[in-house]
Amino acid sequence: MTNKISDETIDYVAVLAKLELSEAEKESAKADMERMLDYIDTLNELDTEGIVPMSHVFPISNVFREDVVKNDDRHEEMLANAPEQKEQSYKVPKTIV
Amino acid sequence: MDIRSLTAVELGRKIRQKEVTVKEAVEAYLTQIEAVDSEINSFVTVDREGALKRAEEVQRHIDQGMLTGPLAGVPVAVKDNLCTKDLLTTCASKMLSDFIPPYTAEAVANLERAGAVVIGKTNMDEFAMGSTSETSWYGPTKNPWNTEHVPGGSSGGSCAAVAAFEAPLALGSDTGGSIRQPSAYCGVVGIKPTYGTVSRYGLIAYGSSLDQVGPIARDVADCAAALQTLASHDEKDSTCVERKDTDFTGALTADIKGMRIGIPKEYFGEGLDEEVKARIMEAARTLAAQGAVVEEFDLALVPYAIPAYYVIASAEASSNLARFDGVKYGYRAQGYEELHGMYKTTRAEGFGAEVKRRIMLGSFVLSSGYYDAYYLKALRTKALIKAEFDKVFERYDIILAPAAPTTAPKLGASLSDPMKMYLSDIYTISVNLAGLPGISIPVGKDSRGLPVGMQLIANCFAEKKLIRAAYSFECATNRRYVAGVCSGRFQTQEEGGKQDVETV
Amino acid sequence: MSKQYETVIGLEVHVELATKTKIFCSCSTEFGGKANTHTCPVCTGMPGALPVLNRQVVEYAMAAGLATNCKITQRCKFDRKNYFYPDNPQNYQISQLYLPIARDGYVEIETDRQKKKVRIHEMHMEEDAGKLVHDEWEDCSLVDYNRSGVPLIEIVSEPDMRSAEEVIAYLEKLRTILQYLGVSDCKLQEGSMRADVNLSVREAGSTEFGTRTEMKNLNSFKAISRAIEGERMRQIELLEEGKPVVQETRRWDDNKEYSYPMRSKEDAQDYRYFPEPDLTPIIISDEWIAEVKAKEPEFQTEKISRYQEEYKLPRYDAEIITNSKKMADLFEQAAELCGQPKKVSNWLMGETMRLLNENNREPEDIPFSPENLAKLVNLTEAGIINSSVAKEVFEKVFAEDVDPEQYVEEHGLKTVNDEGALREVIEKVIAGNPQAVADYKGGKEKALGSLVGQTMKAMKGKADPAMVNEMLKQCM
Numbered sequence: 175m176t177n178k179i180s181d182e183t184i185d186y187v188a189v190l191a192k193l194e195l196s197e198a199e200k201e202s203a204k205a206d207m208e209r210m211l212d213y214i215d216t217l218n219e220l221d222t223e224g225i226v227p228m229s230h231v232f233p234i235s236n237v238f239r240e241d242v243v244k245n246d247d248r249h250e251e252m253l254a255n256a257p258e259q260k261e262q263s264y265k266v267p268k269t270i271v
Numbered sequence: 008m009d010i011r012s013l014t015a016v017e018l019g020r021k022i023r024q025k026e027v028t029v030k031e032a033v034e035a036y037l038t039q040i041e042a043v044d045s046e047i048n049s050f051v052t053v054d055r056e057g058a059l060k061r062a063e064e065v066q067r068h069i070d071q072g073m074l075t076g077p078l079a080g081v082p083v084a085v086k087d088n089l090c091t092k093d094l095l096t097t098c099a100s101k102m103l104s105d106f107i108p109p110y111t112a113e114a115v116a117n118l119e120r121a122g123a124v125v126i127g128k129t130n131m132d133e134f135a136m137g138s139t140s141e142t143s144w145y146g147p148t149k150n151p152w153n154t155e156h157v158p159g160g161s162s163g164g165s166c167a168a169v170a171a172f173e174a175p176l177a178l179g180s181d182t183g184g185s186i187r188q189p190s191a192y193c194g195v196v197g198i199k200p201t202y203g204t205v206s207r208y209g210l211i212a213y214g215s216s217l218d219q220v221g222p223i224a225r226d227v228a229d230c231a232a233a234l235q236t237l238a239s240h241d242e243k244d245s246t247c248v249e250r251k252d253t254d255f256t257g258a259l260t261a262d263i264k265g266m267r268i269g270i271p272k273e274y275f276g277e278g279l280d281e282e283v284k285a286r287i288m289e290a291a292r293t294l295a296a297q298g299a300v301v302e303e304f305d306l307a308l309v310p311y312a313i314p315a316y317y318v319i320a321s322a323e324a325s326s327n328l329a330r331f332d333g334v335k336y337g338y339r340a341q342g343y344e345e346l347h348g349m350y351k352t353t354r355a356e357g358f359g360a361e362v363k364r365r366i367m368l369g370s371f372v373l374s375s376g377y378y379d380a381y382y383l384k385a386l387r388t389k390a391l392i393k394a395e396f397d398k399v400f401e402r403y404d405i406i407l408a409p410a411a412p413t414t415a416p417k418l419g420a421s422l423s424d425p426m427k428m429y430l431s432d433i434y435t436i437s438v439n440l441a442g443l444p445g446i447s448i449p450v451g452k453d454s455r456g457l458p459v460g461m462q463l464i465a466n467c468f469a470e471k472k473l474i475r476a477a478y479s480f481e482c483a484t485n486r487r488y489v490a491g492v493c494s495g496r497f498q499t500q501e502e503g504g505k506q507d508v509e510t511v
Numbered sequence: 092m093s094k095q096y097e098t099v100i101g102l103e104v105h106v107e108l109a110t111k112t113k114i115f116c117s118c119s120t121e122f123g124g125k126a127n128t129h130t131c132p133v134c135t136g137m138p139g140a141l142p143v144l145n146r147q148v149v150e151y152a153m154a155a156g157l158a159t160n161c162k163i164t165q166r167c168k169f170d171r172k173n174y175f176y177p178d179n180p181q182n183y184q185i186s187q188l189y190l191p192i193a194r195d196g197y198v199e200i201e202t203d204r205q206k207k208k209v210r211i212h213e214m215h216m217e218e219d220a221g222k223l224v225h226d227e228w229e230d231c232s233l234v235d236y237n238r239s240g241v242p243l244i245e246i247v248s249e250p251d252m253r254s255a256e257e258v259i260a261y262l263e264k265l266r267t268i269l270q271y272l273g274v275s276d277c278k279l280q281e282g283s284m285r286a287d288v289n290l291s292v293r294e295a296g297s298t299e300f301g302t303r304t305e306m307k308n309l310n311s312f313k314a315i316s317r318a319i320e321g322e323r324m325r326q327i328e329l330l331e332e333g334k335p336v337v338q339e340t341r342r343w344d345d346n347k348e349y350s351y352p353m354r355s356k357e358d359a360q361d362y363r364y365f366p367e368p369d370l371t372p373i374i375i376s377d378e379w380i381a382e383v384k385a386k387e388p389e390f391q392t393e394k395i396s397r398y399q400e401e402y403k404l405p406r407y408d409a410e411i412i413t414n415s416k417k418m419a420d421l422f423e424q425a426a427e428l429c430g431q432p433k434k435v436s437n438w439l440m441g442e443t444m445r446l447l448n449e450n451n452r453e454p455e456d457i458p459f460s461p462e463n464l465a466k467l468v469n470l471t472e473a474g475i476i477n478s479s480v481a482k483e484v485f486e487k488v489f490a491e492d493v494d495p496e497q498y499v500e501e502h503g504l505k506t507v508n509d510e511g512a513l514r515e516v517i518e519k520v521i522a523g524n525p526q527a528v529a530d531y532k533g534g535k536e537k538a539l540g541s542l543v544g545q546t547m548k549a550m551k552g553k554a555d556p557a558m559v560n561e562m563l564k565q566c567m
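Residue numbers (the numbering used here), protein chains in the order written: chain A, 175 to 271; chain B, 8 to 511; chain C, 92 to 567.
Since the hints were made in silico from the structure, they are not lab data.
This structure is a prediction, so every number in the text was calculated from the model and none was measured.
It cannot be assumed that every hint is accurate.
[Said to hold, decoys possible] Covered stretches of chain B, going by a simulated chain C footprint (3 or more residues, C-beta under 8 Å): (1) 109–122; (2) 202–213; (3) 244–255; (4) 329–341; (5) 365–377.
[Stated by the list, open to error] To give an idea of the interface, some chain C residues facing chain B are shown, with a C-beta separation under 7 Å as derived from the structure: (6) Pro132; (7) Pro138; (8) Phe175; (9) Asn182; (10) Tyr183; (11) Asp361; (12) Pro368; (13) Leu370.
The C-beta atom is built at its ideal place from N, Cα and C for all residues, glycine as well.
Use the sequences and the hints to build the structure in full.
Put into C-alpha cells, the structure is as follows:
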C-alpha cells in the first residue's frame, strides 16, 4: 500500500461529494480509495509523454441547435417530482444565512 | 405453440400474420413474469395495465397497416436507467425510488415508434455501478440458470428477463461491459453498439463518454433487428452520430470466408477460467472451420484499461450524480439542518455503498492537485488504447475474446471485494474506452451448467461484421446455444436445437 | 495613513446574451414571467437530459471577442464546473476553462486623466443559474429556473485598472461595444450585466501584486464605485495594522456599505473542472470568423465622427448620444424623419436624460418612438406649440409614447396666433394692472415680466411669449 489517505482528505472529498459519512464509512472509504489509487498508479508504468488526452473518441464537432423557441410552458411536469414546492417553485432550506 | 418460445422477430412475424394478437403476446409474458419473477427479481416495475392498453393501440395500428416493422407488437423490457414518461424510473436506487419522468428516452421512443410494447422496467446495479446486479436497492436479481448465482451486471435484470422468458427482447446499457458481461452469464445475446450509435437522451448518465444503450435478446437476428430500430440520429444528443449504414438485418448472412479474426493473447492468460477458455477456443475453431482466418496477436495495453476506466467513469459519475440532491426530484432526507446538511444527508441515505465509493473516487481524482496525475493520465491512456485498437483493426476484422473471465459467480461472492468485481470487466472495458462495438453470444456451458459467453469486437461503425460473424456462429452450431425452449418454471436450454414446448 | 498605496483592479464581467433561447435547450430567455414557466428537462437538470449548443451563442461570443480585439480560439470546448447550489440544477455549470472562445484582447478607455488600454485575459461562454427568492414567511428559499441556462459570456480582464473611475470607464466601454453588437442589452439592474471586482492594494511603486479579494453582488455603477472605495480602505487598514489580507470572496452589501466574506467550510472552492463529455468541440474556421467580422456594425467612435460631419452636432452631443446604441438609433431615425438633427439632439441631451435620471432608468430603457419625437420637433419648429407646452407634451411622450400631434389637438394646446383675441386679453390685463403699467412706463423693465405672465396665464399658456411681449409694449 503506497497511497495513504488522511482523515483530512476523506473529510475534504466528502465535502466536495456532499456525502455525510459515519466514522466507519470514512475508514472503509479510506481503505477503498487507497487500494484503488494503488491500482490506478499502475498507469504510471505507461509513458504518456506528448500524448494528447482524449475526451471524445470521435472527431465530431460543431453540433448546434438553431436559436428558435420550441418549448412550451411545462412547469407542472417539471415540478411534479419536486420533494417540496411552493408558489410554483422548488422549495429548499434557506440559502442566505 | 408457446408464444414465449418464439424469438422477438418470429413473434413479430406471427403478429403481423395475425396468428398471434399483441394482447396475447403481452399477456403471455406478463403471465411468465408473474410466475417466475418473485424468484428471479428481473423487474423493478411491471406495467401490466400500461402494456395491455398499449397492446390494443399497437394492434389497431398493425391492423390499419400503420405498423409493419419486425418489432410491431413485440413486448420489450427496459432497463430502469432509461426514462419512461409517466412510468417509474428508479436506476435501482432509493434516490429515485419515486421518480416519474416527464419524458421518454429516445432509445425507448424508437422502439415504441416501431410498435414494441414496454412491459416493465428491469433491475440493475444501482445507477449501473456494479457487475452483478447486487447493488440494487430492490434486491439482487438471480441468474435463471441457477438462482444461487448472479446474472452479472449492471444490466442483469434485462439479461435475466430474456433468459427466463419474461421478455423476448430487452434494452440494456453498457458503460464498461454492462450488456456483454451479463449476457454471457445469462446465455443471451447482447450488443454494445459503437459509441454514438444509439441516442443517450433519457439514459440516466453514469459515465457519459462511455455509456451506450443496446439490445439484449435470445439470438443475433433479434439483436440486429432491435439495433436497426434503436440506431437513429437524435438532435437531442450532441454525441449521437448520423449513420447511414444501419441496415443491420441485412448483415445476417452466414458467410465469414476470409474474415480476419484476431485473438489477443493477453485475454487468455492468468485469471481466465479454464472451462471458459476451452469453450471460447472451441468457438474460435468453429469460426475457423467456416473459413475465417483466426490468429493470435498481442494487445499490450490490456492491464491499463481497468484503472483508466475507473478514473474516467468515476470522475464523470461524480459529476453526473451531483444532480441528485433532494431539490428537484427523488429522495429527500428528513431531519437535516440547513442546506448543505440536506444535501449530505439526502445523498448519504439515498445512495448505496458502491455508488458512494465511486462518487468519492471520482471527486478525489478531479480535485485540485490531482487532476493531471489521475484524470489527464487516464485520458492519455485512453488515447493510447484507442490508437492500439486502430492498429489492430488494420490487420483484423474482428477481435475474439471471452466476455468475462469466469461464468456467473455466486451471490454475495463479489460484494465483499469490490476490486474482484471490477476485474470481472477486464475483457469488456477497453471496448468502451475506445468507443468500439461489441457483441456477446452464448457458446456453451461450464460443468456446473452455467453459460459461457464469447465476445466479438469490431472497429467503430463495423457492427455488421460483428453481426455477420455471430450469426455465422449460430448457423454453424445449428443454433445449439440459442435458448429456444421454455419449460419448467423459468426455462431450460436443451442443447441440440428447439424441441416441442412444454410448460408447467 | 503614512504610506501611499496603489489600487490594482481586475474585473470579471458576466453578460447575458440576447438570444431568443437558452444556451443548451429551446426554452425562451424572456425576462420576467411566472416562476419555472420557461423550463424543460434540460434546464432543470432532469436525469438523462442532454445539452445541445445554441449556434447563436457561439456567434455572439465570437462577435464580442472580435470587437474587443481578442484572438478567437479556433478549437474551443466546454468544461464542467462542479459545485453544489440550488440555483444550479445539475450541481455543475457548463462553462469553459481550458479552451475559452476568445483570449488576449483589449479595449481602450478614456478618463479625465488619460487614455489607456485595459487588456482582456479571456472570454468564455457559460450558462446562467436560476433565481433564488427568500421566503420570509417560512424561512426557506424558493428556486425558479427560468434564468437557468440563459447564455452568458464572462469577460475576464487583466488587473489593469487603478481606480473606480477606470473601472466605470471600462464597464461603460464594454457595455457600449456589446450593445452596438446587439449581443446583449447590458442592463445592470436587471442583471444582464454583472461585474465581480478583484481588488488588491500595494505600496506605490511596488511591482509585486498584493493579495486580492473578489467582490460580488454589485448591481449598479454606484455600488461598484462604493465597493471599490470600501474594499480599498479595508485592505489598507489591514496592511497599516500589519495584518494580512485574506484571499477570499466577499459579498458587498450596498446598504451597509460593507463587504462580508462568503466562505463557509462547505464551499471548498475546488470546482473539479473537466471536459464536458455531453458536448462536442467547436471548430471555428477562418471563414466563419470573417463572416462574423463582416456583420460588425458601425461602432461608437465611427458614429461620433459621422454625427459631427453629417449632422453637424458638437462633439459633446455626439459622444453622449452614442454612449447608448438605443439612443443613437433613436437619434438617427428621428433626425431623418424631421430633418432637424440638432433639435433632436437637444431633446435627447436635455429632457430625455433628465427624465431618465429622475426615473432611475438607463438610456436602453427609452420608451418612446423616434416618430413621436420627430413630430414633437416639427410641432415646435412650426410654431404650432410653444416651448413650455412642448416640454409638457414631451413628458407625455416619454411616459406613454403618445402621438404629439394628436395629443396637442385633443387637449387644445396649439399656440393662439389670433391677434384679435390676444389684443382683447392684453387690453384687459393693462386695464386691470394700472400700477404695473405705470411702473413700466416709469422705466421699470421688470414690470413687463409680470404683465407677460398674467397674459400667458389668461391665455392658458397657449400664446407665443415673444408675440405677447411685442403686443404689450405696443399697447402701452
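- prompt: Failing hints, ascending?
  reply: Violated: none.
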